[in-house]
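K.L.:
Spelled out, the chains give:
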Amino acid sequence: MDQKEKQNNDKDRLICRCEEITLGEIEQAIAEGCTTLNEVKRRTRAGMGLCQSRTCSKLIARIIAEKTGKPLSEVMPVTSRPPARPVKMDVFRSGDCDEKDN
Amino acid sequence: MVRTEIAVIGAGPAGLSAAIECARAGAKVTLIDENAKPGGQLFKQIHKFFGSREHRAGIRGIRIGEQLLKEAQELNIDVWLNAEVCGIYRNSELWVVLNHTESRLVKADAIIIATGATENAVSFDGWSLPGVMGAGAAQTMINLHRVLPGDRILMIGSGNVGVIVSYQLLQAGADVAAIVEAAPRLGGYGVHTAKVRRAGVPFYTSHTVLEARGTDHVESAVIVELNDSWQPVSGTEKEFTVDTICIAAGLTPLTELAAGAGCQTCFIPTLGGHVPMHDEKMRTSIDTIFVAGDIAGVEEASTAMEEGRLAGIHAAAALGYYKPSEEQRLSAEVWQRLGVLRSGPFGQKRLDAKKDILNARRTISEKVQ
Amino acid sequence: MKKCSNCACGVKIDGTPSMEELQSSPGYPSEARIRKGPVAIIECVEAIPCNPCEPACPQGAITVGSDITALPVLDEEKCTGCGVCVAACPGLAIYVKDFTFEEERATILFPFEYLPLPVKGQIVEMTDRFGRTVCEGEVLLVNTSKRNSNTALIKAAYDKKHFEEVVSMRRLARA
Amino acid sequence: MKRIIEHPVLGRLEEAREVHIRVDGETIPAREGEMIAAALLANGKSVFRYTNKRHEARGIYCGIGRCTDCVMIVNGVPNVRTCVTPVEEGMVIETQQGIGHWGQEGEDGTD
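Protein chains in written order, with my numbering: chain A, 1 to 102; chain B, 1 to 369; chain C, 1 to 175; chain D, 1 to 111.
Take the hints with a grain of salt, since some may be wrong.
Distance condition first, Cα-Cα at most 20 Å in a straight line; then the derived EDC-like pairs of lysine to aspartate or glutamate [what the hints assert, rightly or not]:
1) D/Lys45 <-> B/Asp352
2) D/Lys53 <-> B/Asp352
3) B/Lys281 <-> B/Asp352
4) A/Lys11 <-> B/Asp125
No wet-lab data here; the hints were simulated from the structure.
Can you make the complete structure from the sequences, with help from the hints?
P.N.:
Here's what the structure looks like:
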């Protein structure tokens with residue numbers, strides 16, 4: 001496999017497993033000006049899936065750092081908001097959630 | 001709304017130890033864990049721990065877990081299982097979802113977050129195929145669930161997790177085709193690497209995984225040599241017939257709850273990335289919130305237990321359960337044991353990194369004043 | 001595996017210590033002591049915080065000291081080769097070898113945490129630090145004492161010619 | 001893929017009551033209380049779902065409920081993390097296609 005073919009293959013490689021976002025899509029977002037995890041996430045949906053970027057955030061951060069020359073510390077982390085776990089909408093009608101609303 | 005004095009999030013080695021210390025001090029403590037059983041990852045650790053007698057050296061992690069559970073039981077600690085903490089509000093309220101269905105609010109005077117860490121990923125072609133999994137996942141399958149995920153395994157990463165899980169896969173009856181390490185030198189303790197080496201498992205340093213092949217499951221793996229600038233050297237590819245590829249590429253602290261609560265973080269690569277800043281008392285930038293274990297910087301179960309104790313002692317003291325002199329004495333004992341665990345070439349790096357966190361915390365508290 | 005396969009690359013590349021690393025560590029007995037009879041062979045060459053071998057030794061022949069990261073030092077005159085340290089080492093890095101067992105054969109006592117276990121009298125394949133079969137061995141003893149918390153101790157006799165290389169036996173096939 | 005009955009450190013696998021779950025219409029045995037993912041692995045099944053965009057097979061990845069790769073349709077509920085959800089007698093499990101669907105296949109009793 002020559003270098004060019006290899007690079008094309010790399011573009012198809014999945015980075016965000018949940019939303020099935022590829023290296024190519026993330027590089028494209030960076031080329032278009034995204035320089036943080038939050039920006040790449042909003043542009044591509046990478047990290048917006050069920051796992052909420054637990055698996056891919058560090059991978060994406062490294063790609064951004066590599067492409068932009070920014071230190072990892074500035075690229076990460078993503079903003080954390082509740083719920084920290086996937087929660088069914090039903091839960092909001094249950095127990096103390098009602099109490100909180102009232 | 002449920003009232004408690006100290007809420008501990010996560011019942012792994014750090015959280016259990018923290019809860020035990022809080023209860024010992026006389027505080028009312030609620031230990032909350034999302035799993036069906038307490039113990040966190042401790043019950044996967046079937047090897048004998050290092051350290052000295054005071055660190056329970058020579059005892060298998062799983063037995064240490066049993067001892068901690070027994071202590072927690074004897075102290076009548078209120079343990080909530082299948083309870084996911086989904087958020088922390090106003091520095092004192094936890095939103096907990098029970099059994100995925102029911103919401104509860106817990107109000108606590110102090111919170112200890114011991115949520116541990118998550119495994120890092122390595123992306124390569126085919127890495128989403130069934131059969132590619134975290135080393136921790138394989139360890140969970142064999143040691144907790146007693147099911148072999150595969151018969152022939154390729155391990156990516158030679159840190160302690162990679163070599164320990166490789167050894168445990170051998171013990172479970174699988175074969176390990178090779179352990180691949182991107183760095184030019186192996187990462188794990190020599191005694192661990194020697195155990196798998198003498199079982200015939202080869203190490204490939206300066207190599208990385210290029211591709212997992214297979215249709216609906218891993219059928220083989222291709223590795224490649226890396227040159228001095230960490231680039232693959234074409235022509236050096238080797239294919240291994242394996243049905244499982246395990247990734248042991250380090251851990252990242254699970255800081256989402258702490259960060260969501262507003263705890264300031266700092267970036268310490270040696271300890272896994274962003275960690276909540278904390279002081280010698282394991283207190284974060286928010287006075288009522290403490291951290292312990294891997295969330296405070298990825299180390300190992302032995303250090304996690306000691307940090308848990310620290311957080312427990314200081315959280316209890318903050319609520320008035322210890323006089324300052326007692327607090328100081330108890331804390332000094334733990335720091336002495338921690339110092340021992342963080343000695344030597346492996347420990348020194350972590351010790352230095354820990355100092356960076358403490359300094360960062362000091363800087364922000366000076367700014368506040 | 002890279003560059004050399006047989007070799008003196010050492011523990012951080014091969015995964016197992018080289019003879020140079022072993023012989024220059026304070027837990028490896030001298031040639032003269034080895035020739036006298038059973039003795040502990042401590043293959044601990046890396047400074048990690050660990051010391052259960054020290055209190056385990058009934059003869060007080062192993063010293064780590066207050067800095068538990070120090071390498072264990074073997075007092076080879078005090079060591080009787082009793083083997084208590086073999087099961088005590090969390091790293092499974094200690095063996096007891098007896099050069100004087102028979103004219104042609106030496107013995108090794110080693111920790112073994114795989115199933116199935118061999119039985120007394122069974123002929124097994126003795127392996128070196130790289131997992132390669134070196135020679136046959138005859139199992140003399142299988143100790144599964146509860147005290148050792150499921151680390152079995154196995155004593156096997158093997159050809160003296162391979163005294164230094166042999167450290168374990170090949171895993172047996174599962175039924 | 002098989003159960004580890006004898007283990008050098010953990011000893012013999014404790015006896016457990018056998019329950020039965022239905023996976024894509026096929027009844028398979030499981031150990032009471034074990035996680036769905038473990039029961040499936042023990043029965044030789046490692047593909048738990050096919051993804052939405054690329055229709056690729058997925059299975060266990062993190063094993064502790066973080067990555068959500070092992071989700072399936074369980075008793076008519078999609079996106080259930082099988083590595084942290086214990087089996088129950090009579091549970092109905094389906095390989096999830098894409099984002100899945102609500103309600104059980106064959107709920108009318110035709111199977």
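K.L.:
Looking back at the numbered hints, which does the structure fail to meet, lowest number first?
P.N.:
1, 2
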